[in-house]
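Peer 1: Given chain A, put chain B with the ligands in place with the hints provided.
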Amino acid sequence: MAEPRLIEISPVTRVEGHGKVTIHLNADNQVDEARLHIVEFRGFERFIRGRLLWEVPVIVQRLCGICPVSHHLAAAKAMDVICGVDALPPTAEKMRRLMHYGQVMQSHVLHFFHLAAPDLLFGFGAPAEKRNIFEVIKENPELGRRAIAMRKFGQDIIEATAGKKIHGTGAIPGGINRNLPIETRDRFLAVIDDMQVWAQDALALARGYTLEHDHLVAEFGSFPSNYMSIVREADGALDLYHGTMRALNSDGGTIFDKLDYTRYHEKLVEDVRSWSYMKFPFIKELGPEAGWYRVGPLARMNTASFIDTPLANAALDDLKAVTAGAPNNSTLANHWARMIEVLHCVEKIRDLLHDPDLQGTDLRATGVRREEGIGVIEAPRGNLIHHYKVDENDMVTYCNLIVSTTHNNEGMNRAVKDVAVKHLSGQERITEGMLNHIEVAIRAYDPCLSCATHALGQMPLQVEIFDAAGTLIDSRQQTSGQG
Amino acid sequence: MSDPDFTFTIDGTTIPAKPGQTIMEAADAAGVYIPRLCDHEGLRHQGGCRVCTVKAGGRSVAACTQPAAPKLVVENETDHINKLRRDLVEMLFHEGNHLCPICEASGNCELQAMAYRLDMTGPTKFPYLEPCRAVDASHPDIALDTNRCISCSRCIRASQDVDHKGVFGYVGRGIHRRVAVNGSDLAHTDADITDHAISADVCPVGCIIRKGVGFATPIGEREFDHGLIGSDIEGKRRE
Ligand code: SF4
Ligand code: SF4
Ligand code: NI
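Sequences listed follow chains A and B, in order.
When you line the first sequence up against the numbering used here, it's residues 1 to 483, in that order.
When you line the second sequence up against the numbering used here, it's residues 484 to 722, in that order.
No lab work stands behind these hints, which were simulated from the structure alone.
Just so you know, not all the hints are guaranteed correct.
Derived DSS-like pairs (lysine-lysine); straight-line CA-CA distance at most 30 Å [to be verified]: (1) A/K267 / A/K389; (2) B/K694 / B/K648; (3) B/K694 / A/K164; (4) B/K694 / A/K165; (5) A/K165 / A/K152; (6) A/K284 / A/K417; (7) B/K648 / B/K608; (8) A/K320 / A/K284; (9) B/K648 / A/K389.
What the simulated footprint calls covered on chain A by chain B, stretch by stretch (three residues with Cβ under 8 Å from a Cβ of chain B suffice, anywhere in the stretch; the number is not a length) [claimed, not checked]: (10) 53–61; (11) 251–263; (12) 391–399.
Anything over 12 Å on all C-beta distances counts as not near chain B; from chain A, calculated [claimed, not checked]: (13) A204; (14) P288; (15) V421.
Quick reminder that beta carbons are idealized off the backbone N, C-alpha and C, glycines included.
One chain only, chain A, in its complex shape:
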């Protein structure tokens, strides 16, 4: 009888965190188990211990080169609590919101134009050389120009609120360290109409593309799952910066709602598995088998009762009409969801720019020190939880982070196993189709490991099969991504 074998797939990424897929075949070459390994943040959680609380919102930005602002704000929110501040001065909260909308906008635009636009313009079957943003700009200079201008707008908002485009210092425990000067505000107002029109155009593009490629849904994955995000406490509206937690099942039924996020651990359990640094959260009352859930733009479209900006809300109604109001389970619809959020961000940014509170000078509140603080935010990729304990000497003694990719961990692993069972079992050799499908399955969840390499088209994917003795018997690498 043949020995069990191990297949290893290693996507090589340039920056932070990288993933590896190992597929365990049994003696009959059937898939026993498939695992996605992601180098995760455990080291970071240790590093942060012994640091002073005021440093934390700046230090945690180093977790991710793509969405540092999300970590910055989630940590600042947790430290607000620790500093005894339950309500920020209006200027501080609005400056932070402005920063966040700028960040979500630039992240979504980057994702959309790098990952979706090549497919939109050239189709899924286009040769690898065509599937990148440079070809998009060549083919459609106007679209390329807009992509760059929209991204820059978001980055400029970040710079105006945090001091730098990347790794700034704006949010401090209890508030913010700057307001928005009138001249800066006017500079943004001068182009906000363009941003709105372009966001609407991009939304139309994403919508049309999703509806047109409906037939691909089966191939690219329609994964019924539970969904979780924060929503505005009072009315369930989409709120990317603050709210209470809501989880729905794949039919739209409520699992929990209005959950104060400081009690997240009452509803979410973080499962630990010996082979992975990354935890596997699930909804406690549903158990580990049925309790896994997804977070992200599409999850938010599913959980939000409505959107409090008119254009984005109309777009949400339009999206919901496709599934007659039920949660949308189609992975492809994530592009659509992202563009709805970009429009929402533009509308929110416009409202904020017209708000005189942004020129206020009351920037920071103080309170009575507490020992524990939790900050939750909806990052571009989904729900993000920062949890700290700080001792009487102001030093961090405990840190727990649940990032979007961790929330989606179980879903990703299941998707990989699905693909593996379908395409690998019984095979002797690795085919290009296997590589493509595994990569697509992972990327459907937009994990941060790939967010670091947005031009995933260039991400080499390495697959190796070793026999029981550890000898390499097959190896395959592809340099172009699929989907």
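Peer 2: Leaving out everything else, chain B with the ligands in the frame of chain A:
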């Protein structure tokens, strides 16, 4: 009757001086900047960091302690001297553990500012020692991250000479010599947030930390956001 005033030159510029002034004091008054890290206004001169090394009459001397003399010819901003200074600053970076992007002193830090002024652009030839000392946060208002200490002794002099306390002192010898407090930790000293030694401008780096401040100063308004270190002194010259 006191000795008369005199002049000398730094890099060809005539500098007026009074008897008893150091080269650096006279240069400062004349708007000529000589880089320095351990010397600090209001504290006794020490000549410890050697970043202020100049050539006076062909000899390498510390400008902060060397008295000016009539007709002395001083070289300050030559390529050779600035390279020596850069080596010294590089060694300070390598001796400590400096993660500027996450350090609240960033933008206000004299070591970082000196590195910019001297064109230190990246990792250097020296090995990193990467100390990993625990932060002393025992005091309610003050913390110490000695991984960033450059042993300039400014806190020691400020505590002894201005505060008349002796909160800080050196322990160890040679390469192991470093700054420590005169108690088991900061909480067990008589350090107080109102001490001169603890004030914002005494420690040139992010080693002595005043709790609660953090990143309250926005990027753009920090001390060195608007000009190189020394540009305030150089500005006097143009006035
Ligand atoms: S003390 Fe200065 S040089 Fe050291 S990390 Fe802080 S800013 Fe950088
Ligand atoms: S603690 Fe600061 S002032 Fe004291 S010796 Fe170290 S660097 Fe200099
Ligand atoms: Ni990220």
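Peer 1: For the pair supplied as a hint, B/K648 and B/K608, is the alpha-carbon distance within the 30 Å limit?
Peer 2: violated, 40 Å
Peer 1: Going by Cβ atoms, does A/V421 stay more than 12 Å from chain B at every point?
Peer 2: holds, 44 Å
Peer 1: Please settle this one: A/A204 was flagged as non-interface, so is its CB more than 12 Å from every CB on chain B?
Peer 2: holds, 38 Å
Peer 1: Taken at face value, is the distance from the CA of A/K417 to the CA of A/K284 at most 30 Å?
Peer 2: Distance ~23 Å between A/K284 and A/K417 Cα, so the pair holds.
Peer 1: For the segment 251–263 of chain A, do three or more residues have a beta carbon lying closer than 8 Å to a beta carbon of chain B?
Peer 2: This one is violated; 0 residues, fewer than the three required, reach chain B with a Cβ under 8 Å.
Peer 1: Is the Cα-Cα distance between B/K694 and B/K648 30 Å or less?
Peer 2: holds, 21 Å
Peer 1: Is the Cα-Cα distance between A/K165 and A/K152 30 Å or less?
Peer 2: holds, 9 Å
Peer 1: Three or more residues of the segment 391–399 of chain A near chain B by CB distance under 8 Å?
Peer 2: holds (count 3)
Peer 1: Holds or violated: the segment 53–61 of chain A covered by chain B, criterion of 3 or more residues with Cβ-Cβ distance under 8 Å?
Peer 2: Answer holds; 5 residues pass the 8 Å Cβ test.
Peer 1: Between B/K694 and A/K165, is the straight-line Cα distance small enough, at 30 Å or below?
Peer 2: holds, 27 Å
Peer 1: Check the hint pairing B/K694 with A/K164 against an upper bound of 30 Å on the C-alpha distance.
Peer 2: This hinted pair holds, its Cα atoms lying about 24 Å apart.
Peer 1: Is the nearest CB of chain B more than 12 Å from the CB of A/P288?
Peer 2: Per Cβ check, A/P288 is outside 12 Å of chain B; nearest 37 Å; holds.
Hints 7, 9 and 11, counting from the list given before, are not met by this structure.
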